[in-house]
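Chains as they are written, first to last, in our numbering: chain H, 871 to 1139; chain A, 792 to 1075.
There's no promise every hint is true.
[Stated by the list, open to error] In silico contact screen, one side only, chain A against chain H (beta carbon under 10 Å); selected entries:
1. Arg909
2. Phe914
3. Lys918
4. Leu936
5. Leu941
6. Ala942
7. Ala987
8. Arg1053
9. Leu1061
Because the hints were derived from the structure by calculation, they are not lab data.
For every residue, glycine included, the Cβ atom is placed at its ideal position computed from N, Cα and C.
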Amino acid sequence: MTEHITYPAPRVLPDRFERTSPITFMFWLVVIGFFAWSVNNIGVSLTDLWGGIPQMTRLVGEMLPPSTVRLEAVGWSLLETFQMAFVGTVVGVLLSVPIAIMATPHLSPHPLVYHAARNLVAFFRTVPDLVWALLFVVSVGLGPFAGTLAIVIDKIGFCGRFFAEAMEEVDRGPQEALSAMGASRLSLIMCAVLPAAMPSFINTSLFSLEKATRSSVVLGLVGAGGIGIELKVAMDLFNYDEAATIILAIFALVVLVERLSAVLRKKVL
Amino acid sequence: MSLLQDPAVRALNTASPALSLVGAFPSARVNASTPGERVADLVVSGLSKTFEPGTPVLSNVNFQVTPGQRVALIGANGAGKSTLLRCCMHLIRPDAGEVRLFGTPLAGLNAQALRGLRSQVGFVFQKHNLVPRLSALSNALHGALPRAPLARAWLQSLAPTALREEAMHCLERVGLGHVAMRRADKLSGGQSQRVAVARSLMQRPRLIVADEPAASLDPVAGDEVMSLFSALVKSEGLTMVFTSHDLVHAVKYADRVIALRRGAIVLDALSSDIDVAELRALYD
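With the rest of the complex left out, here is chain A (with noise of 0.2 Å):
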C-alpha cells in the first residue's frame, strides 16, 4: 500500500488542508524549509537504509535544514527517527542517497574530514550517554575533544584553565554549576540531560541535533530541557533537529515539524499550520 494511500494519512490531509502532506503538496517542503538565500545546514537526498531485507527502515528520505531552523521529527516507534538522525552524521551508513552537512556531502570524506564536522554538530542522546564514572565537569569538556591539544579534554584535571572556565561556563547556562563535580551517575535523570546538553553547547555547534531528548524524563524534567534547549537554540542562534514522541513539543519547541512513517515522510509542514490533535492521526 503506498503512503498516500494509507487510511491514517489520508485523514490527516482530509481533516487539516492547512498541512502540506509529502507527495500530495510537494510544495510544501519548499514553503517550510525556504532554501536558496543559505546554505542549508543539512540536506538529506533520497537516503534509504535497510537493516532486514525487505524491510527498509529508511526510503527514499528527502528534506533539508536552513539556518536558525529548529525542525522535529515525529512517528510511532519504529518509524525511522532515530536511524534517520545517526545517518544524518553517517554514525550509521546509509545504503542510498546523500548527506550534506553545511554542503559538504559526507560520502567518501576520510575519517578526519568527517570528525571536522561532526565537530560542528551537537548530538544529545535519549539517554544522555555521560560517562559515568567522571564528574560532570569532566563531561562538559569533552564537548572540546575535537579542538583541544590531545589529552587537554580529557579530565578536567588535565585541561587548561581557559577550557575549565568555558566548560564550567555551558555549566552554568544549563543551571548545573552547583554540582560540577559530582560524578555523573549520581546526577538525576534531568540533571545529566542537561549536563548532555552543556557538553554539546561546549562544542560550539552550529547544529543540534537530539534524539528524543525528554523520552527518559519525567513530564515536568522532560518540559525542562526543551525550553532549555529552545532558549539556548534561539539565544545562539543555532538551528536544532530533534525527534520527539511528545506532539505537544514537536509543536511548541519546533518552527517546523516532519513526520515520519514507516520510513518515508509523510508529513512536512510548519508547526504554525499544524493541530497537535490531527498529528495523533499518524500513530493510528
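The shape of chain H in the complex, shown without the other chains (with noise of 0.2 Å):
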C-alpha cells in the first residue's frame, strides 16, 4: 500500500519565475522592437510569397527532367570545384598553424605579435570569400587560380580562429611536465600542444573542407572557377533542365564530402 507523507508547508515557497530587472527588461523590449522594424524595413510580403508559388511550380517544372546533354563537362566543371576545395583548404590549414600559435595567448613569442595574428585572423574572418574571390580575380585574372586563393585566405580566417581556441583549451599539465625539464617553447608546441590539439584540428579541417566545398560553387559566380560559373550561364540561357542537372551534381557533391569526413572523423579521432 503507498503511503502518502505529509510535508509541513515551508514558511516561504520561492517564486516560479525570477522577476525580470529593469534593464533586462528594456533590453527584450528593445531585440523585439528592432526585430518588428527589420521585417518592416526588408519588405516581408507573405502575398509576394503566395503570388511567387506558381513561378516556382512553373520554373520546377522547366527543371524536369534534368538534361544530360553536357553531362561531361558538368562532370569536368565539379571535379575542378573539389579539387580547389581541396588545394585551398591543405594550404589554408597549413598556414594556419602558425598564425594560430601566433595567436595563442600563451604559446605567442611576444603580446605585440599575439594581438597582431588576432587582428590578421579576424580580419580573414570578417571579409566574405566572395569579397576575396572579386578581389583575386582582379589580381590574378579569372579562373579556379583566383577562387583557390579566396578558399584559403577564408580558411585561414575560419581555422587561424578555431586552432588558437583549441591550443588555449588543452590541458597544460604535459607543457609544465616538458617545461619543467628544460624543454624548448617550439618542442613544447610540436610535443605536448599540436598532439593533444590534434583531433580538435581534424575535426575543423573536416568541416572546413566541407566549407570550402560549399563555397566554392558560389565562387564561380564572380568568375573565380569551379562549377559555379556553369550554373550562371544555365540560368542567364534559360537551360533550366541543365541547371537542375548542376544543382543535384553539386548536392551530390557536397552529401559525398559530408560522409566522407564524417567516415575520416570517426576512423582519425
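Starting from two chains that each stand alone, build the complex the way the hints lay out.
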C-alpha cells in the first residue's frame, strides 16, 4: 500500500520565476522592437510569397527532367570545384597552424605578435570569401586559381581562430612537465600542444573542407572557377533543365564530401 | 599566532623530543642536511610567495638538500608543498628569497640557462602529465628533448636509434617495455606514472623532484611507484625531493622529512627519528 507522506508547508515558497530587472526588460523590448522594424524594412510580404508559388512551380516544371546533354562538361567542372576546395583547404590549414600558434596567448612569442595575429585572423574571417574572390579575380585573373586563393584566405580566418582556441584549451599539464625538464618553446609546442590539439584540428579541417566545397560553388559566380559559372550560364540562358543537372551534381558532391568527412572523423579520432 | 605557538606544533614537540622543530631547535637543519662537504644540489633561502595579498602561500622557507639525500615534504592541503616545488624550479617565480640549483642561483638566469639547469632535474607530477595521444615510448623519449638535436626527440619515429634504445631501456627499467607502443591515454594510472618516471630517467637527471607521485594511484600502485622511485634513486645515486600526504611513504622512502604548515617549515628531521603517529598532529 502506498503511504502518503505529508510535508509541513514551508514558511516561504520561492517564486516560480525570477523577477526580471528593468534593464533586462528594456533589453528584450529593444530586441523585439528591432525585429519588428527589420521585418517592415526588408519588405517581408506574404502576398509576394503566395504569388511566387506558381512561378516556382513553373520553374521546377521546366527543370524536370534534368538534361544529360552536357554531363561530361559538368563532371569536369565539378572535379575542378572539388580540387579548388581541396587545395585551398590544405594550404589554408597548413598556413593557419603557425598563425594560430602566434594567436594563442601563452604560446605567442610576444604580446604584439599575439595581437597582430589575432587581428589578421579576425580580418580574414570578417571579409566574406566572395569579396576575396572578387579581389583575386582582379589581381590574378579569371579562373580557379583566384577561387583557390580566396578559399585559402577564408580558411586561415576560420581555422586560425578555431586552432588557436583549441590550443588554448588543451591540458597545460604536459606543457608544464616538458617546461620543467628544460624543453624549448618549440619542442613544447610540437610535443605537447599540437598532439593534444590534433583531434580538434582534424575536426575543424574536415569541417573546413565541407565548407570550402560549398563556397567554391558560389565563387564560380564571380568568375573564380568551378561549377558556379556553369550554373550561372545555364540560368542566364534559361536552360533550366541543365541548371537542374548542375544543382543535383553540386548536391551529390556536397553530400559525398560530408559523408567522407564523417567517416574520416570517426576513423582518425 | 606564531607557528611555534601553534598547539599542533607544540604537541608534536612535547610528544617527541627527538623531532627537531625549526625555530625551536635551529640546529636541526644543520644536523639533517650536513652541508659543507659538497655543494648542495638544492638550496632554498628566505623563499616567500603570495598569490592573494594577506595570505602568503610560502613565508621565509629555508632548507638545503645535499647530493644523494632523499627528502620528503609533508603538510596538509594548502600548506604550500606544490608551490614550493614549482618555485624551486622557477615554474612559479617567488616573490622573495633565492633558489640555488647545483650551486647556481636561478634568479636572473636567461631562458636558455634556466632550461639547461632544469634539464638536470627530473620532475614527476601527481597526474603524470604525459602527452595522451602519443605512445609510451615517445613520452619517455621526451626526457631527451633538452639534449637531442632539433626534432629528433619529438616522436619515437623521428629519433635516432641510440635515443630510441635509451628510451626503451628506461621503459624496461620501470617494467613497461611491453607497452612501449601503447598510447599514453590507454595506460593505467600506475603505468602512466611509471612512464613519467621513465621520462625523468631519460633526462639523466642529478635530482628527482616529485609532486605527490602516488597521490592519484590506488595504495598498491602507489607503493609500487614509490618503491620504484626509491630503488632507482638509490641505484643511480640521485638526490630526490618529493611531496606526499602519505606519512608512511614519507618516513619509509625519505632520509629526511620536512613539514610545512601554512607556508612555513615547522619540522625538519631525519626520518629515523620520526614516529608516524606523532606526525599526524601536523594535520590536526
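Hints and how they fare:
1. Arg909: holds (4 Å)
2. Phe914: holds (4 Å)
3. Lys918: holds (6 Å)
4. Leu936: Holds, because the Cβ-Cβ distance from A/Leu936 to chain H comes to roughly 4 Å (cut-off 10 Å).
5. Leu941: It holds, given that the least Cβ distance between A/Leu941 and chain H is near 8 Å, below 10 Å.
6. Ala942: holds (7 Å)
7. Ala987: holds (8 Å)
8. Arg1053: Nearest chain H Cβ about 25 Å off; hint violated.
9. Leu1061: violated (28 Å)
Checked against the numbered hints listed earlier, the structure breaks hints 8 and 9; every other hint is satisfied.
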